[in-house]
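Enquirer: Chain by chain, the residues:
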Amino acid sequence: MRTPALLLFIALAALLSPPAGAEDTVVDIEAGYQWVEVEGNQDLYRTQVDEADGFVLRGFSLTTVDSSDDPGLFDRLRIDASGFGGSPSGRFSLSSGLARTYRLRLSYLHLESFSALPGFANPFLDQGVVPGQHTWERDRDLVDLELELLPGRTFTPIVGYSWNRYQGPRRTTYFMGEDEFQLASDLDETEQEFRAGLSFAAGHFHGTLIQGWRDSESSERLALVPGAGAGNDPGEVLGHEVSLDAYSRKEESEAETPVTRAHVAGTVGDSLDLTATFVHADSEGETRSDEALTGSLVSFTLSRFFAGLDESVRSSTENPAWRGELTARYRLGRTLSLDGRFLRHHRELEGWALVSSLYLETLNFSGADPRDISRLVEAETGYERDEQLLDLRLTAHDVGPFTFWAAWNDVDQELDLEADVAEIIIPGGQSGLYERGVSRYAFGFDVSGDNAELSFDWGTEDADTAVVRTDFLERDRVRARFSFRPGEAVRVTGTAEIIEAENGAEGIGFSADTEHYAVDLEVTPVDAFGVRVAYDSYDTSSEVTVRRPEDFGLDLSLHAERGEVVEAGIMGKAGSFTYDAGYSTLENRGSFGFELDRIFSRLGVDFTDTIGASVEVETWDYREQSFTLADFDSTRYGVYLRWHR
Amino acid sequence: MRHGIHWLSIVSLAALGLLGAGPATAEDTDASSLCGDCHEEVVAAFGGTAHGLDHAGGPRCVTCHTDGAEHAGGELERASIPAGQALVDLCQGCHARNLHRGLTGVAAHRAPAVDCGQCHSAHPDSPGQRSMLRQQPAELCASCHPAQVRELDRPYGHRLNRGGIECISCHDPHAGRGVDSLARDISGDVACLTCHAEKRGPFVYSHVTGVTGDCWSCHTAHGSSNPNMLTRSRVEQLCLECHSPVSGGTAGSQPPSRHDLRSPRYRNCTVCHTAVHGSNTSPMLLK
Chain S
1 MRTPALLLFI
11 ALAALLSPPA
21 GAEDTVVDIE
31 AGYQWVEVEG
41 NQDLYRTQVD
51 EADGFVLRGF
61 SLTTVDSSDD
71 PGLFDRLRID
81 ASGFGGSPSG
91 RFSLSSGLAR
101 TYRLRLSYLH
111 LESFSALPGF
121 ANPFLDQGVV
131 PGQHTWERDR
141 DLVDLELELL
151 PGRTFTPIVG
161 YSWNRYQGPR
171 RTTYFMGEDE
181 FQLASDLDET
191 EQEFRAGLSF
201 AAGHFHGTLI
211 QGWRDSESSE
221 RLALVPGAGA
231 GNDPGEVLGH
241 EVSLDAYSRK
251 EESEAETPVT
261 RAHVAGTVGD
271 SLDLTATFVH
281 ADSEGETRSD
291 EALTGSLVSF
301 TLSRFFAGLD
311 ESVRSSTENP
321 AWRGELTARY
331 RLGRTLSLDG
341 RFLRHHRELE
351 GWALVSSLYL
361 ETLNFSGADP
371 RDISRLVEAE
381 TGYERDEQLL
391 DLRLTAHDVG
401 PFTFWAAWND
411 VDQELDLEAD
421 VAEIIIPGGQ
431 SGLYERGVSR
441 YAFGFDVSGD
451 NAELSFDWGT
461 EDADTAVVRT
471 DFLERDRVRA
481 RFSFRPGEAV
491 RVTGTAEIIE
501 AENGAEGIGF
511 SADTEHYAVD
521 LEVTPVDAFG
531 VRVAYDSYDT
541 SSEVTVRRPE
551 DFGLDLSLHA
561 ERGEVVEAGI
571 MGKAGSFTYD
581 AGYSTLENRG
591 SFGFELDRIF
601 SRLGVDFTDT
611 IGASVEVETW
621 DYREQSFTLA
631 DFDSTRYGVY
641 LRWHR
Chain X
1 MRHGIHWLSI
11 VSLAALGLLG
21 AGPATAEDTD
31 ASSLCGDCHE
41 EVVAAFGGTA
51 HGLDHAGGPR
61 CVTCHTDGAE
71 HAGGELERAS
81 IPAGQALVDL
91 CQGCHARNLH
101 RGLTGVAAHR
111 APAVDCGQCH
121 SAHPDSPGQR
131 SMLRQQPAEL
141 CASCHPAQVR
151 ELDRPYGHRL
161 NRGGIECISC
171 HDPHAGRGVD
181 SLARDISGDV
191 ACLTCHAEKR
201 GPFVYSHVTG
211 VTGDCWSCHT
221 AHGSSNPNML
231 TRSRVEQLCL
241 ECHSPVSGGT
251 AGSQPPSRHD
261 LRSPRYRNCT
271 VCHTAVHGSN
281 TSPMLLK
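These protein sequence lines map, in sequence, to chains S and X. Per this note's numbering, the first sequence runs over residues 1 to 645. Per this note's numbering, the second sequence runs over residues 1 to 287.
By construction, these hints were calculated from the structure, which means they are not laboratory data. There may be inaccurate statements among the hints.
If you want the footprint, here are the derived chain X segments under chain S, 3+ residues with CB under 8 Å [as the list claims (entries may be wrong)]:
# : stretch
1 : 44-50
2 : 59-68
3 : 140-150
4 : 194-208
5 : 217-229
6 : 250-262
Think of the CB as a built atom: it goes at the ideal place given N, C-alpha and C, for glycine as much as any other residue.
Given these sequences and hints, build the entire structure.
Expert: Have a look at this one:
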């Protein structure tokens, strides 16, 4: 897939290149070949990095500007592309326009996603079986096109189109008959969106009204992985060996969503700015799923053994949602301003499913009463979620070198989850009305001098209750950011942030603390040489009381990240040579300890004003503290040619 | 009835806009026409920018350098270069239609700490520079948010500049703080679903997204030490933190007792509950 994508890009770029003679055209292309060596866990390398041997387009950029009176089809065109070939992702974008006539934006992304993890969600990790049973190798392609006609005029028609396709194989697991079985899946999913609307600019007001139509289609086929019929658990259930001989499932889903978006912004008088936004989307979806399996299985729901199942599911959903927002800024004289925002968000869902299951050749747990059993379940689900936010901020500008601000906001949330008697099989917490209110007070200041800037903000939030157990009742946050230039050649920037959240309610005992400090130093003694050093420390930990399912005893869920990052890099130019090198090391001593070292170096040389070459070396060294099977070292070498005009 | 209310709202918004409607006025170009006599290179380069190309109605020199006429007439030594809130007001005079919130007080980036000129330049180095930005988006963001950009370098994450992923793929720099900083698509959904459309639903049996929380209830988007970018390193830990109604009053059911966490197979909830983002066929999110 990677090389054809590169060839496709080159053909497209050639087609779109401007005619000879176009004014102010700048073209820059860098492409070459890369080699990759990996030692250690190849799967994890592909999951994290996934560069491959082969030709690769490092970068392509074309800019043409035609300021003449008769520019033809466009007076500006910009094309950018990168990554096609040996890289797991490629990007192409085109932007062109003709003043007061049109603006066109087109982008295409190709992303390859691979995952084969040794330790994550792997029930056989203790037995040394890697990777786990959940792996995938899928591609995602995204196209986005938008055309504005008559930009800058009173009315500007807008049309757009988006296309998003996700496809490819994966391995997954399936729980059936009191065991799990590994399945192979092939997915093909496409979402398209057409949109059309109008933008207007009239007097002191501007606005946009867009109507979109989104259409999603998904098709997935699943089958038993050869040799996986014994399941994950080799033991017997009630003296009955559980196995699967054959399995197939085909699931097809469709969803249609008309979307309306309106936005108006403007000024009333000299002192009041207003913006209003309204979005409405109304999704309707349908799914058809057909499943057939044979084997030797157990159902506790039926209290029977069975030898086969034919199941069909028909389901539908309705999911209307809307979101309205109004913001206002009122200027009180030269130094004070008052900003306000009101937002209301509503979302609801009604779901319906009819599950028809035919269990074949069943026997009761005594081995008697052979027969086929049909089971029909009609289920209805639903929820409504409302959220309302009011946000006010008072700002005092230009109080000497300071700007001070103070803010208050109030959030009201309401969630109504409907119970469905037909499907409630796990007790507790699945239905009911949940309401939560959160108030936030904050203040801060910005101060700037000739060579330094400092921003500080503090905020505290109080909630009256929690909807889920990881919701806070109190949260405080303090943050400072500074930038200091002691001289033309030196710049120091830093961030410090502390966040503390907690819910001390009995039986929850939730707390989450974060401390994050970062400082960067850049030294650029001359234009052609620069050094950068950075240090970053983050320390987060959270805990919450949980109940162990096996004995209903209470336990503490703890998670910590204690990381340190050190980075250093140089870049510069000497004659016709350019160089760029960097080193970074990241160590996390938290719940999931690991170290990751990266080195990057690049040397380029310009043979002439238009032709150059570069060599690049990049290494990754990844080590996990408790699971050395995951470790890998990789080195990528690249040789590239560059042409510039 | 519900649709009627929505359309009424839209019509009201449109009417609000039309109330302020008036004929578009062209900027006086006489003063600007003098600038090229002394600033030939600057004016020539400006002609190649997005601003400069819109000669029929785009900004001229004195649109931003408001005292340019006085400077040209010798009354001022230098024409002013607007900054801070004055620059924001100036830019929004034309660009309000692109800025849903602009750099007002409810925006994360607001003057004087951040004004338009810190990211955009009316005189960029390259005429085709996207959105007249001073640098590439990631470099711009990193200059003030180095720690956040560094998070993307963790073992698992959205790799910056790979496949076109940039900070502005997910964040709207003109929007608010925290969650409000996320870009939203045409339907108001967060930017996550622009790429991960298969998780958009709607699902008959929804899980977290859109019901009690959102993507970041379970995932850390920038970068993670967890392969699935979860907020916890172990799956069962993440699930049980909500699915333990110890004292009641919160949403989240209790797994039945046969989920014996002493056995590795039950420590990996997603081995069986594979459809954690939502299912159209299984209430327990098994498929």
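Enquirer: Hints first: check each against the structure and report whether it holds.
Expert: Status of the hints after comparison with the structure:
Residue count for the stretch 44-50 of chain X with a Cβ under 8 Å from a Cβ of chain S: 3. That meets the three needed, and the coverage hint holds. Under a criterion of three residues with beta carbons nearer than 8 Å to beta carbons of chain S, the stated coverage of the stretch 59-68 of chain X fails, only 0 such residues being counted. Look at the stretch 140-150 of chain X against chain S: 6 of its residues bring a Cβ nearer than 8 Å to a Cβ of that chain, three or more, so the hint holds. Judged by the Cβ-Cβ criterion of 8 Å, the stretch 194-208 of chain X is covered by chain S as claimed, because 11 of its residues qualify and three suffice.
Under the rule that three or more residues need a Cβ within less than 8 Å of chain S, the assignment of the stretch 217-229 of chain X holds, with 5 such residues. Only residues whose C-beta sits within less than 8 Å of a C-beta in chain S count toward coverage, and the stretch 250-262 of chain X has 13 of them, enough to reach three; the restraint holds.
Going down the numbered hints, you'll see the structure goes against just number 2.
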